[in-house]
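In full-length UniProt numbering, the protein residues as written are 1 to 111.
Hints listed in this document are in silico derivations from the structure and should not be mistaken for laboratory results.
The C-beta atom is built at its ideal place from N, Cα and C for all residues, glycine as well.
Be careful, since some hints might not be right.
[Stated by the list, open to error] What follows is a set of in silico ranges between Cβ atoms, one per label pair, in the way DEER data are often shown: (1) E38 to D64: 33 to 39 Å; (2) R98 to A30: 41 to 47 Å; (3) Y76 to E38: 14 to 20 Å; (4) D64 to L39: 30 to 36 Å; (5) R97 to R50: 23 to 29 Å.
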Amino acid sequence: MVWYSSRRRERFNSDWPRVRRMILERDGYACQWPVVDELGLPKRCSVRARQVDHRGRAVNGVDDDSPSNLWALCDYHHQMKTEMESAEQRRSNRDRRRSDSWYSHPAFKRA
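Please model the entire structure based on the sequences and the hints provided.
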């Protein structure tokens, strides 16, 4: 898993196994990631899904585990989504550091 070193599991609700199974069944164990077919029309990936993920990110460290915010994803699209979110967070952290006063020290400046 991409997030093997994270503490994300600590935030799972205690009923996660049931919720996960419910979402996989609702989505027919098919990946819900939007893709474009050979005609340029939007469709779902539909590869066998083994992951359940949040559509929207956690707000203030609190996940929205409502069914409308959860979707089934194949391993590939789950990893792709996680990597995109991770890159976005790294960019945000970098931008925040640049604006913080301690980061304005000359040792941190690039020529």
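Quiz item: For the pair Y76 and E38, does the Cβ-Cβ distance stay inside 14 to 20 Å?
Solution: holds, 19 Å
Quiz item: Does the Cβ-Cβ separation between D64 and L39 fall within 30 to 36 Å?
Solution: The hinted range 30 to 36 Å holds for D64 and L39, with Cβ atoms some 34 Å apart.
Practice problem: Take the C-beta atom of R98 and the C-beta atom of A30, compute their distance, and say whether it sits inside 41 to 47 Å. | Solution: holds, 42 Å
Quiz item: Could one say that the CB atoms of R97 and R50 fall in the range 23 to 29 Å?
Solution: violated, 36 Å
Quiz item: Using the C-beta atoms of E38 and D64, is the stated range 33 to 39 Å upheld?
Solution: Roughly 35 Å apart at Cβ, these two residues keep to the hinted range, so it holds.
In this structure, only the earlier hint numbered 5 is contradicted, and the remaining ones agree with it.
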